[in-house]
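Between the sequences and the hints, there should be enough to build the whole structure, so can you do that?
Heads up: the sequence lines are chains A and B, in that order. The first sequence begins at 1 in my numbering and counts up one residue at a time. The second sequence begins at 1 in my numbering and counts up one residue at a time.
Derived by calculation from the structure, the hints in this document are not laboratory data. Some hints could be false.
In silico EDC-like cross-links for lysine to aspartate or glutamate, where the CA-CA straight-line distance does not exceed 20 Å [claimed, not checked]:
{"hint": "1", "chain 1": "B", "residue 1": "K124", "chain 2": "A", "residue 2": "D153"}
{"hint": "2", "chain 1": "A", "residue 1": "K89", "chain 2": "B", "residue 2": "D83"}
{"hint": "3", "chain 1": "A", "residue 1": "K3", "chain 2": "B", "residue 2": "E129"}
{"hint": "4", "chain 1": "B", "residue 1": "K248", "chain 2": "B", "residue 2": "E237"}
{"hint": "5", "chain 1": "B", "residue 1": "K124", "chain 2": "A", "residue 2": "E15"}
{"hint": "6", "chain 1": "A", "residue 1": "K3", "chain 2": "B", "residue 2": "D98"}
{"hint": "7", "chain 1": "A", "residue 1": "K3", "chain 2": "B", "residue 2": "D147"}
{"hint": "8", "chain 1": "A", "residue 1": "K3", "chain 2": "B", "residue 2": "E73"}
{"hint": "9", "chain 1": "B", "residue 1": "K248", "chain 2": "B", "residue 2": "D229"}
{"hint": "10", "chain 1": "A", "residue 1": "K89", "chain 2": "B", "residue 2": "E129"}
{"hint": "11", "chain 1": "A", "residue 1": "K3", "chain 2": "B", "residue 2": "D70"}
{"hint": "12", "chain 1": "B", "residue 1": "K132", "chain 2": "B", "residue 2": "E192"}
{"hint": "13", "chain 1": "B", "residue 1": "K149", "chain 2": "B", "residue 2": "D175"}
{"hint": "14", "chain 1": "B", "residue 1": "K132", "chain 2": "A", "residue 2": "D90"}
{"hint": "15", "chain 1": "A", "residue 1": "K188", "chain 2": "A", "residue 2": "D82"}
{"hint": "16", "chain 1": "A", "residue 1": "K89", "chain 2": "A", "residue 2": "D153"}
{"hint": "17", "chain 1": "B", "residue 1": "K260", "chain 2": "B", "residue 2": "E237"}
{"hint": "18", "chain 1": "B", "residue 1": "K149", "chain 2": "B", "residue 2": "D70"}
{"hint": "19", "chain 1": "B", "residue 1": "K118", "chain 2": "B", "residue 2": "E129"}
{"hint": "20", "chain 1": "A", "residue 1": "K188", "chain 2": "B", "residue 2": "D83"}
{"hint": "21", "chain 1": "B", "residue 1": "K118", "chain 2": "B", "residue 2": "D170"}
{"hint": "22", "chain 1": "B", "residue 1": "K132", "chain 2": "B", "residue 2": "D170"}
All figures in this text were calculated on a predicted structure; none of them were measured in a lab.
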Amino acid sequence: MNKSMNNSAWLIRREFWENRAIWMIPAVFGALLLLAALFGQVSIPRLTSPKESEEAATAFLGAVGIMFYVVMGVYSSWYLLDCLYADRKDRSILFWKSLPISDANSVLCKLLIGMIIVPLVYFAAADATALIAAFILSIRARASIGSSLWNGDVWWQMQVLWMYAIVTTAVWYLPVAGWLMLVSASAKRAVMLWAVLPPLLLYILERVFLGTHRVGEIIGRRLTGLPSVSFNGSKYNWTHEGGFVDNASSAAPSVWHLINPSGFFTSTEVWIGAAIGIALIVAAIQLRMRRSEI
Amino acid sequence: MAALIEARDLTKKYGAHMALDRANLNVEAGRIVGLIGPNGAGKTTALRAILGLTNYEGHLSVLGREPLRDRTELMTECCFIADVAVLPSWLRVDQAIDFVAGVHPRFRRDRAVAFLAKTQITGKRRMRELSKGMKTQVHLALTMAIDAKLLVLDEPTLGLDILARRAFYDALVNDYMDETRTILITTHQVEEVENLLTDIIFIDKGRIVMDTSLEDVATRFAAVAVTADRLDAARAEKPFYERHILGKVVLYFENADPGKLGSFGEIHTPSVSDLFVAKLSGAAA
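Below, the structure is given as structure tokens:
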């Protein structure tokens, strides 16, 4: 156990050596947002009431968070699709496999990077960007709204929201991650095509021969259904600024009312997906272990 | 001494193609064994099976372990260089040393550093900046710094120029080899390794054609440059291969009476490469 903990620490360090994009993309993205905050045409409305300023802070932090979350989703997917393939493509798998590290250890560390560590890096980058951007915007707006754009209470809620989003995203998208890693462990080339074509083919075959849409529904639901399972979606609407508004009271709701952990973690849909994800990851480990050709 | 590697009826199929066809082999501790065969003979497949990189049929035991199932444990006592230049391009030399030192209980960092100090290679260089020969040196430095019972080298110098190849084998001989090491090496450049080896195994079409120690080669095999008038008499002794060079005929014999052969012409012990050609062409004929 101690040995695999030690190996995992090295494997994770290794991923950072190999994939400098893990921190470079969020750093560059954050820097671009800060440039926009510095030089962009931003009109900041005069905020008078505490309620208005809380809404503004929510909208601001929410918008920054969602932008980082979207970039993170794209990068993580790409990472998981590439991570096992890259070693095979440059044949360096022959070096990594000459070391006393199990294939399960290697694959699970890559999964951990894609599902937890990359999101944490983006979380940190989003926080740092929001902090500096709020500071910049406050100065540009002659400080009158600075304190309100940086609403401490809203900030804390955003931390909770991020942590919750990271955990639920990791569980919900486990089957997607498992599929991407299985393709990464098996495809000889064109991982992107192999990731997309088989599900697409299933979808078309089902449509043509059965006339039904089950495959499309299942995949579509998995790709877009997370918010409706993890949040109390019915009570609140996403506002166009990216904040949340309670339909009943039209006040920005507390994050504790927004998140729905009991609903999420008792959903059979969530656990069926997770079970499929685990099966796909086990298959990816087996492939990496036994595959005859590289 | 017990065999470090023991394979019985080792078989590997790729579809209808038999990459290994009931191959039997034994490698004993302290030997330096050359696994020699033409391209596509099954050398690499055999090594992949021995190293736990691929599944197989038949019985295979390496250092008392089943390689595929116990690869992780096996790799604490066995190390290998399979193929040239497989260190990833993004890896820095010092990172490579740190990583192996971090995960390998038998790695001796000082040895790797001392070995690299003799080269032009510095720690901050990335693999993509190094020549193929330098990359091979780094890999060899990492591998030789591991106190392993078994070292497996699969075409370790393929595609390297003659200077890099010589540097590789010199380092192996001077800095690594001693009587406690067991080395299994495949190559098709037989001349390069034949003076290192204690044992040779010829493999062809997935089968072991010959498995012998070099001491035995001298007693078992003879090549005779036969004069024209004695040719028919010599052929009656059933040579397994004939070679015509510059108007002379060289006949290759196995387990023949040296007293008799002496009357046909000059006897010498065939080199490994001659034997290889003779054995494989003979088998094909």
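Tell me if the straight-line CA distance from K118 (chain B) to D170 (chain B) falls inside 20 Å. holds, 13 Å
Tell me if the straight-line CA distance from K3 (chain A) to D98 (chain B) falls inside 20 Å. Holds. K3 (chain A) to D98 (chain B) sits at ~16 Å (cutoff 20 Å).
Are the Cα positions of K124 (chain B) and E15 (chain A) separated by 20 Å at most? holds, 18 Å
Given the proposed pairing of K89 (chain A) with D83 (chain B), does the C-alpha separation stay at or below 20 Å? holds, 14 Å
Taking 20 Å as the top limit, are the C-alpha atoms of K3 (chain A) and D70 (chain B) close enough? Satisfied, since the Cα-Cα distance of roughly 15 Å is no more than 20 Å.
Taking 20 Å as the top limit, are the C-alpha atoms of K3 (chain A) and D147 (chain B) close enough? holds, 19 Å
Given hint D229 (chain B) paired with K248 (chain B) - CA-CA distance at most 20 Å: Since the Cα atoms of K248 (chain B) and D229 (chain B) sit roughly 11 Å apart, the hinted pair holds (cutoff 20 Å).
Check whether the Cα positions of K132 (chain B) and D90 (chain A) lie no farther apart than 20 Å. The given pair, whose Cα atoms are some 14 Å apart, holds under the 20 Å limit.
Holds or violated: K149 (chain B) and D70 (chain B), Cα atoms, limit 20 Å. holds, 16 Å
K188 (chain A) and D83 (chain B): Cα distance at most 20 Å? This hinted pair holds, its Cα atoms lying about 19 Å apart.
Is the hinted pair K89 (chain A) and D153 (chain A) satisfied, with a Cα-Cα distance of at most 20 Å? violated, 48 Å
Just to be careful, I want the Cα atoms of K132 (chain B) and D170 (chain B) compared with a cutoff of 20 Å; is the pair within it? Roughly 17 Å separates the two Cα atoms, so the pair holds.
In summary, the structure is inconsistent with hints 1, 3 and 16 from the numbered list given earlier, while agreeing with the others.
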